[in-house]
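Colleague: Put the two chains together into one complex; each comes in its own frame, and the hints tell you how they fit.
Chains as they are written, first to last, in our numbering: chain C, 1 to 112; chain Z, 1 to 112.
FYI, nobody ran anything at the bench for these hints, they're computed from the structure.
Only true hints are included.
Subject to a maximum C-alpha distance of 20 Å in a straight line, what follows is the list of computed SDA-like cross-link-like pairs (lysine to any residue):
| id | chain 1 | residue 1 | chain 2 | residue 2 |
| --- | --- | --- | --- | --- |
| 1 | Z | LYS36 | C | GLY3 |
| 2 | Z | LYS36 | C | GLY42 |
| 3 | Z | LYS36 | C | GLN99 |
| 4 | Z | LYS36 | C | ASP105 |
| 5 | Z | LYS36 | C | PRO100 |
| 6 | Z | LYS56 | C | GLN99 |
| 7 | Z | LYS36 | C | ARG44 |
| 8 | Z | LYS36 | C | PHE88 |
| 9 | C | LYS9 | C | HIS102 |
| 10 | Z | LYS36 | C | GLY40 |
| 11 | C | LYS9 | Z | GLU38 |
Partial chain Z-side listing against chain C, Cβ under 8 Å, derived:
| id | residue |
| --- | --- |
| 12 | TYR48 |
| 13 | ILE92 |
| 14 | PHE102 |
Note that CB positions come from ideal geometry on N, CA and C, so glycine has one too.
Here's the letter readout for the chains.
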Amino acid sequence: DGGITQSPKYLFRKEGQNVTLSCEQNLNHDAMYWYRQDPGQGLRLIYYSQIVNDFQKGDIAEGYSVSREKKESFPLTVTSAQKNPTAFYLCASSMGEGQPQHFGDGTRLSIL
Amino acid sequence: GEDVEQSLFLSVREGDSSVINCTYTDSSSTYLYWYKQEPGAGLQLLTYIFSNMDMKQDQRLTVLLNKKDKHLSLRIADTQTGDSAIYFCAEILDTGRRALTFGSGTRLQVQP
Chain C
1 DGGITQSPKY LFRKEGQNVT LSCEQNLNHD AMYWYRQDPG QGLRLIYYSQ IVNDFQKGDI
61 AEGYSVSREK KESFPLTVTS AQKNPTAFYL CASSMGEGQP QHFGDGTRLS IL
Chain Z
1 GEDVEQSLFL SVREGDSSVI NCTYTDSSST YLYWYKQEPG AGLQLLTYIF SNMDMKQDQR
61 LTVLLNKKDK HLSLRIADTQ TGDSAIYFCA EILDTGRRAL TFGSGTRLQV QP
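Here chain Z stands alone, though its shape is the one from the complex (with noise of 0.2 Å):
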């Protein structure tokens, strides 16, 4: 079945890494990605991965993806106060409606 979960919360100092974890049921995922909600606003996207890979990084992000234990994560290096924001994982599925399936997001907590 689907279900993409993520930890609801996380409180990093300025200057930190920031580590948001995600993990997901389906094994049929084909891309699995990251994105970013500020309040009030749309979903920007910031990066993705296909399940054929283990990382991928770009700039200040680094992904990773553990597909036996279906685990990704998002590693923010340098953490700054503009990345405070909502941070969801999702995931497309092989078969099916290939529509995405979003975790509930994790609040990421910036402190000066």
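Looking at chain C on its own, in the form it has when it is part of the complex (with noise of 0.2 Å):
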């Protein structure tokens, strides 16, 4: 089946430590997208990437990083730097800019 996989589902970062978050898609699209999301709000955007090797900043990219070496595969990692990282964090993708997006189930990302 077709589909975005994130993984791990549950993922706990010590002080100090970066934690890197998987991205796969083999739904063949070029855009993929990092999102998080705290309790009872919306979605936030961290990062977009709209084609390979290419990558741009959302509203909340402080704290994190990406890359996109590969069309299917999109790993978010957050740093240090993030002071407050615990949310719920989801990867989307789509064929283009300004087409639907498809997500998949979400990392829960907590503080030991």
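Modeller: Next comes the structure, spelled out in structure tokens:
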């Protein structure tokens, strides 16, 4: 089945540690996105990529980094500079800019 | 500027119709979306409407768009307990980054 796979489902981070969230899609979509969701709130855009080897900052990029070396993969690193990383992280992809976005099942990140 | 607003909560009885409302402020929106999120899960695309349309119907779902008032609604006919979830409206602008801007979500509770 085609879809978006996020892993792990749950992740725990120690103080001062970087962690990487995985997002893989086999939909042959060009565009990929990372969103953060806090309790009772909508989604906020962290980073997005419209094409391989290119990405742009969203509204809350500070403390995060991404790479887009392959079309299928868009990993997100939560760095130690992100002081409040506890949240639900959602990855999405679309055929192109302005097209409907399809979401993975999310990764819940917590601080130890 | 970009702002999408939704009411926080809606409660209906099983079998009734549900109407979830959304207002947006940017007239350059091109597509407007409705997503459904069940607890601990990602977002499921329900339907979307292009800004030059007034209405779109898809089985039990009807989307109405009043572009003059910047008002979007989602009507769910014959609401079932399985429809209980959080519903997000989102827009994509015609200019700028062309990523989704979300409302904060409406929690729909369906009582048997």
